[in-house]
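K.L.:
Sequence:
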Amino acid sequence: AQDDYVAFHSAGRSWLKEQTLTELEGQLDARRFVRVHRSYLLNIDRLSKVELYAKDSRVAILTTGVKVPVSRTGYQ
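For the sequence shown, the tail end lands on 76 under the numbering used here, and the numbers increase by one without skipping.
By construction, these hints were calculated from the structure, which means they are not laboratory data.
Careful, some of the hints might be misleading.
Straight-line Cα separation of at most 20 Å, SDA-like style, residue types lysine to any residue; simulated pairs [claimed, not checked]: (1) Lys67 x Arg35; (2) Lys17 x Asp4; (3) Lys67 x Gly12; (4) Lys55 x Gln76; (5) Lys55 x Arg32; (6) Lys67 x Gln27; (7) Lys49 x Gln2; (8) Lys55 x Ile44; (9) Lys55 x Asn43; (10) Lys17 x Tyr5; (11) Lys17 x Tyr40; (12) Lys55 x Val68; (13) Lys67 x Gly26; (14) Lys49 x Val59; (15) Lys67 x Glu51; (16) Lys49 x Tyr75; (17) Lys55 x Lys67; (18) Lys67 x Asn43; (19) Lys17 x Ser39; (20) Lys67 x Ala54; (21) Lys55 x Arg72; (22) Lys67 x Ile44; (23) Lys49 x Gly74; (24) Lys55 x Ala30; (25) Lys67 x Asp56; (26) Lys67 x Val34; (27) Lys67 x Gln19; (28) Lys49 x Gln27; (29) Lys17 x Gln27; (30) Lys67 x Phe33; (31) Lys67 x His37; (32) Lys49 x Ser10.
Work the whole structure out from these sequences, hints included.
P.N.:
Encoded structure:
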């Protein structure tokens, strides 16, 4: 999420769409896309692993090596 825009990242490219992350989340298949942070939705097909980042925070590592923050609620 970037203010009132959503940034999509796929195949090394990025796109911006004027939409809130909450609106987008409601349109996606909940079995494949998970809200892991207030600013991030994650396609679980692209998830490699989740690691402990600090004492009480985690980071999702995608198959591309990109790291995405995971909130406590998102981890649950």
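K.L.:
For each hint, tell me whether it holds in the structure or not.
P.N.:
Hints, one by one, checked against the model:
1. Taking the CA atoms of lysine 67 and arginine 35, the gap is about 15 Å. The hint holds against a cut of 20 Å.
2. With a C-alpha separation of about 9 Å, the suggested pairing of lysine 17 with aspartate 4 holds against the 20 Å cut-off.
3. Simply put, lysine 67 and glycine 12 have alpha-carbon atoms about 14 Å apart, close enough for the 20 Å limit, and the pair holds.
4. Between lysine 55 and glutamine 76, the direct Cα distance comes to roughly 16 Å. Compliance with the 20 Å bound is thereby established for this hinted pair.
5. Between lysine 55 and arginine 32, the direct Cα distance comes to roughly 28 Å. Violation of the 20 Å bound is thereby established for this hinted pair.
6. This hinted pair does not check out: lysine 67 and glutamine 27 have alpha carbons roughly 24 Å apart, beyond 20 Å.
7. A distance of roughly 25 Å separates the Cα atoms of lysine 49 and glutamine 2; the hinted pair therefore is violated under the 20 Å criterion.
8. Between lysine 55 and isoleucine 44 the alpha-carbon distance is near 24 Å, which puts this suggested pair outside the 20 Å criterion.
9. Under the criterion of a C-alpha separation no larger than 20 Å, the hint pairing lysine 55 with asparagine 43 is inconsistent with the structure, at around 25 Å.
10. Distance hint between lysine 17 and tyrosine 5 is fulfilled; the C-alpha atoms sit about 5 Å from each other, no more than 20 Å.
11. In summary, the hint linking lysine 17 to tyrosine 40 is supported, as the alpha carbons are separated by about 14 Å, within the 20 Å threshold.
12. With a C-alpha separation of about 17 Å, the suggested pair lysine 55 and valine 68 falls inside the 20 Å cut-off, and the hint holds.
13. Annotation: proposed proximity of lysine 67 to glycine 26 is violated, straight-line Cα distance about 24 Å (limit 20 Å).
14. For a cut-off of 20 Å, the pair hint linking lysine 49 to valine 59 stands: about 9 Å separates their Cα positions.
15. The suggested pairing of lysine 67 with glutamate 51 holds, with an alpha-carbon distance near 10 Å, which does not exceed 20 Å.
16. Taken as a hint, the lysine 49 and tyrosine 75 pair is honoured in the structure, with Cα atoms around 12 Å apart against an allowance of 20 Å.
17. With a CA separation close to 17 Å, the supplied pair lysine 55 and lysine 67 stays within the 20 Å bound.
18. This hinted pair checks out: lysine 67 and asparagine 43 have alpha carbons roughly 13 Å apart, not beyond 20 Å.
19. Proposed proximity of lysine 17 and serine 39 is supported: the alpha carbons are some 14 Å apart, at most 20 Å.
20. Annotation: proposed proximity of lysine 67 to alanine 54 holds, straight-line Cα distance about 14 Å (limit 20 Å).
21. For the hint pairing lysine 55 with arginine 72, the CA-to-CA distance comes to about 11 Å; that is within 20 Å, so the pair holds.
22. Between lysine 67 and isoleucine 44 the alpha-carbon distance is near 13 Å, which keeps this suggested pair within the 20 Å criterion.
23. Between lysine 49 and glycine 74, the direct Cα distance comes to roughly 14 Å. Compliance with the 20 Å bound is thereby established for this hinted pair.
24. As the CA atoms of lysine 55 and alanine 30 are separated by approximately 29 Å, the hinted pair breaks the 20 Å bound.
25. Proposed proximity of lysine 67 and aspartate 56 is supported: the alpha carbons are some 16 Å apart, at most 20 Å.
26. Taking the CA atoms of lysine 67 and valine 34, the gap is about 15 Å. The hint holds against a cut of 20 Å.
27. This hinted pair does not check out: lysine 67 and glutamine 19 have alpha carbons roughly 23 Å apart, beyond 20 Å.
28. Between the alpha carbons of lysine 49 and glutamine 27 the distance comes to roughly 25 Å, so the proposed pair goes past 20 Å and is violated.
29. Only pairs whose Cα atoms come within 20 Å are accepted, and lysine 17 paired with glutamine 27 is accepted, the gap being roughly 14 Å.
30. For the given pair, lysine 67 sits about 16 Å from phenylalanine 33 by alpha-carbon distance, which is consistent with the 20 Å threshold.
31. Taking the CA atoms of lysine 67 and histidine 37, the gap is near 12 Å; set against the 20 Å cutoff, the hint holds.
32. Proximity of lysine 49 to serine 10 is assessed by CA-CA distance (about 18 Å); at most 20 Å being required, the pair is judged to hold.
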